[in-house]
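Visitor: These protein sequence lines map, in sequence, to chains A and B.
Sequential numbering of the first sequence, starting at 338, is according to our numbering.
Sequential numbering of the second sequence, starting at 810, is according to our numbering.
Because the hints were derived from the structure by calculation, they are not lab data.
Check before you lean on any hint, since a few could be wrong.
Said to hold, decoys possible - Quick list of simulated restraints, FRET-style, between CB atoms:
{"no.": "1", "chain 1": "B", "residue 1": "L813", "chain 2": "A", "residue 2": "L659", "range": "42 to 48 Å"}
{"no.": "2", "chain 1": "B", "residue 1": "L830", "chain 2": "A", "residue 2": "T730", "range": "36 to 42 Å"}
{"no.": "3", "chain 1": "A", "residue 1": "T603", "chain 2": "B", "residue 2": "G1139", "range": "56 to 62 Å"}
{"no.": "4", "chain 1": "A", "residue 1": "G707", "chain 2": "B", "residue 2": "G980", "range": "30 to 36 Å"}
To be verified - Only some residues are given here: those of chain A computed to face chain B with a beta carbon under 8 Å:
{"no.": "5", "residue": "R472"}
{"no.": "6", "residue": "R495"}
{"no.": "7", "residue": "T677"}
{"no.": "8", "residue": "L685"}
{"no.": "9", "residue": "L697"}
{"no.": "10", "residue": "L700"}
{"no.": "11", "residue": "G707"}
{"no.": "12", "residue": "G733"}
{"no.": "13", "residue": "K774"}
{"no.": "14", "residue": "Q775"}
Built from N, CA and C at the ideal position, the CB exists for glycine as well.
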Amino acid sequence: MLSGADISKSFFGVPALRNVSFDLRAGEVHALMGENGAGKSTLMKIFSGVEPNYSGVIRNDGREVRFASVRDAEAAGVAIIHQELNLVPELNVAENIFLGREPLLAGLIVNRRRAVADARALLHRLGIDLDPETRIGTLRVGEQQLVEIAKALSASARILIMDEPTSALSPAECQRLFAIIRQLASAGVAIIYISHRIQEVMLLADRVTVLRDGRHVLTELIAALTEERIIAAMVGRESLGAVPESHGAAGRVFLSVRDLSLDVPTRRGWRKVLKGVSFDVHEGEIFGIGGLLGSGRTEILETIFGSSIGRRGGDIRLDGKLVSIASPRDARRLGLAMVTEDRKAKGLHLHATVRDNIALPSLRDLARFGLRSFAREARLADHEVRALGIRCTGIGQIAGTLSGGNQQKVVIAKWLATQPRVLLLDEPTRGIDVGAKQEIYELVRRLAGQGLAIVLVSSELPELLLLADRILVVSEGWQRGVLGRDAASEEAIMRLAAPQTRTDSAGAA
Amino acid sequence: MRILRLLSRTKLYWGLALIFLIGMVSSPVTSKGSNIFLSYGNLLDVLRQVSITGLIATGMTGVILTAGIDLSVGSLMAICSVVCAMLLTMPGWTASAVMAVPSFALVALIVAVALVRFAIHNFARGAAPEASPAKAIPHPKNHRVLTAMAGLLAAAAALAFTLPQVESRFGTWGVLLVTPCVGLLFGAINGIIIVAGRLQPFIVTLAMMVTALGIARLTAGQNNAVLPVYTGSNATADFDVLRSLVFGIFPVPGLFFIAAALVYGAVLRFTPFGRYVYAIGGNEEAARLSGINVGRVKIVTYAISGMLAGIAAVLFVAQYRQGKPDAGAGLELDAIAAVVIGGTSLMGGRGGLAGTFCGVLIFGLLSNILQLHNINSNLQLVLKGLIIIGTVLVQERNLGELLSNLRFGTPRSAPKEPAAHNGPPTESFSRQLGGSAHDTW
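Chain A with its partners taken away, still in its complex shape (with noise of 0.2 Å):
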């Protein structure tokens, strides 16, 4: 249906991708995996007219086409979904799918009525349960992504490409999407699906590609494939390591939280998010919070970072004190440290060096009588990029330059820099790559190792239970159980998780 036959391409004389081949055929799944920065986006560009130069054949129903815009490529009938979804929150939804495509009274006034019937038809067609009034502004992550599926198909693609679409979803969202995906196969439509979980695509995929360095490593029908050799022709090794054991929680209780609360304001008074939530950390424990989207797993790191906007109740205690923890900045002192979910949007500044983000909590502390101390400055990024082992070209690097998972870990080294007891981690592992999820996870042990309390949130359960050694489940911000690890399973996990009837609160820890 779609092929493209050796296509390069580089950037500024750096080859981003050599000679690749790759074929879709009308009907299929196929998965393209591959680390960050293996040429999967470049070449889904090239495919979706975003980057229009490039060498090589692209050819279209056998024709040969060259698309110069994303719009030569949805006549085309290719239509993307990007990882960040391009949807209008203040819209509702049958706006968003015909955005400026709008079926028109008179060829003049925006037809409401016709927009909303059609998107009915449509949402109807796909089997999504969704109004298409309702803003979506108000929808879930996951339902987002379910409307940005329509608005590609409304479009009438044939191809659809879809960038990670579950890095943000709760599994029974991803079940949903699956289930529609598959729909989609069977009615024609071929779907290109780039995720870096290799369960799913085990599971969803016809067929996979695997890209690295640039360069074509395999194709082949999932059914000749194992897990094993998928992460092995990424990687360009043999599986992966196993990560260092656990010595369990062995220190005293650093962290104390009791009656954890949170109420946001909404239009309509106050909205509880957070109720009745209590845990002890010890020092040297890994201490793991599951639950679906929304639960809320991240407000619970941001009430006690100080960071969560809302009025905030409940006590937390450092090493026996209470303490009050107003801001960031309260947190902070009291040697509080936390990873943020978006790292972009809230953890890094993307146009700063490597140095200037590591040393930006610690710029008082290395000041001279008010003076930077561009030397300290540079030591201590220099220290933590050594014991980090973030790859760069040296910490004058621009931090949006780096792969996704260097930029974790400097925001896990600007935090280290400031000597945090506790270091609270929320999705530590979104979207990076194996390699360096992998150590990701053992910077996590060692860290624990010496003697911090850590809490770390993750909806990707495998990791929650590979890392932490008990787990906190929440359930639309209630406590539902504190799991032991010989307790700990995705089974008892997601029974805990998934909301219910019920409003008491489960055991504390």
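Given the coordinates of chain A, assemble chain B onto it according to the supplied hints.
Guide: Leaving out everything else, chain B in the frame of chain A:
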């Protein structure tokens, strides 16, 4: 590549050099054959003319670096010019004195408290080893009595200095110290409203622009919209110092501008505060989560902007021998234009005072060249507008990109490590290749 980069990085100075060259070549010549543009008197005039705009633009740079904007500076300068002129010429508790004396005392108090806290912070930690964590710092609360005493003492000293002058009339030092404090407080009010009310800087400073103009007119009184200052007759004679030349070679206003740019530039470069300004403009949320007191930093940038407007006002009064409520009309836009020509991004986090300095000079030289050619003043405005657009175009597209457009026909710059991450790498790289001549965050 390396040469390109160097060219890119220094393009501001090239721009300045270019405009200088144009001025030199196109300059009319006197009957004796000497170049008017290059004459010492002419260049001094340029410096004198740009000083007021320059001071305002200096303060504006800090604000814009935090991704804010300050539209009120013109009006703040107007208030301050009225205050300054009244203090100089009218004895007793005029509206100006009522405003200025408490302002001065309050600012003295705040500055003293800040200085004492700073001293405690540093002496307590001076001996600590390099990598010691923040916990070693004693909380400033422990020294409340000391700081309070210092603050009150400073306020008392301020009153002791000013009260006698209210009875007679203010001297040069008096207005030079007191007037900027009025501006500073108005600026701080801007900042406090923006931070506490979580409002857009544009709206808040727009409101302040209108309000301050009103206050300036009320202060000046209805009948005398212009307050003349005749040094030697109705005001102290040594106020003329502010419009003279130092050692007969350098205009005093220029000295103020250069000093302000140097000091603020050093603050932005060499202090944590400066880095916070860039960090807030670059990514406010990340800055907040890094434990930076974002609100305080913002308030300080607006306060400094107001203070520099106050200093500019004193120079204005000295220069034009009057204070008037419409002194600063349109000045905020000139200042913003100079900042932007200097390569500071209105989105914040990128640029710096070196750029603003060049921007102000480019603007000033341009006016001068147009004047030397006797170009119709309305036509001058049109040309200036076009040149702003032209310069900013060159600023925003970096040189490498422009050249690559010519040479290779590639339409946009591209990331160095294209697929290294999923974000928008294009921007970061173009910035790296010389989006600006100086600091970037």
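Visitor: All the hints need checking, so say for each whether the structure fits it.
Guide: Now for the hints, and whether the structure bears them out:
1. A hinted range of 42 to 48 Å is violated for the C-beta pair L813 of chain B and L659 of chain A, which are about 59 Å apart.
2. A C-beta distance of roughly 38 Å is found between L830 of chain B and T730 of chain A, which places it inside the suggested range of 36 to 42 Å.
3. About 43 Å separates the C-beta atoms of T603 of chain A and G1139 of chain B, a value inconsistent with the hinted range of 56 to 62 Å.
4. Our hint of 30 to 36 Å for G707 of chain A and G980 of chain B holds, since their Cβ atoms are close to 32 Å apart.
5. At its closest, the beta carbon of R472 of chain A sits 22 Å from a beta carbon of chain B; the interface hint therefore is violated under the 8 Å criterion.
6. Interface restraint check: R495 of chain A against chain B, minimum CB-CB distance 25 Å, threshold 8 Å, status violated.
7. Checking T677 of chain A against chain B: minimum C-beta separation of about 6 Å stays under 8 Å; hint holds.
8. This hint holds: L685 of chain A has a C-beta 6 Å from the nearest C-beta of chain B, less than the 8 Å allowed.
9. Among the interface hints, the one on L697 of chain A holds; its C-beta lies about 5 Å from the nearest C-beta in chain B, closer than the 8 Å criterion.
10. Because the closest C-beta pair between L700 of chain A and chain B is about 4 Å apart, less than 8 Å, the hint holds.
11. With 8 Å as the threshold, the beta carbon of G707 of chain A comes within range of chain B, its nearest partner Cβ sitting at about 6 Å, so the hint holds.
12. Hint status for G733 of chain A relative to chain B: violated, with the closest Cβ pair at about 10 Å, above 8 Å.
13. The beta carbon of K774 of chain A comes no nearer than 15 Å to any beta carbon in chain B, farther than 8 Å, and the hint placing it at the interface is violated.
14. At a threshold of 8 Å, the smallest CB-CB gap from Q775 of chain A to chain B is about 18 Å, leaving the interface hint violated.
Hint violations for this structure: numbers 1, 3, 5, 6, 12, 13, 14, all remaining hints satisfied.
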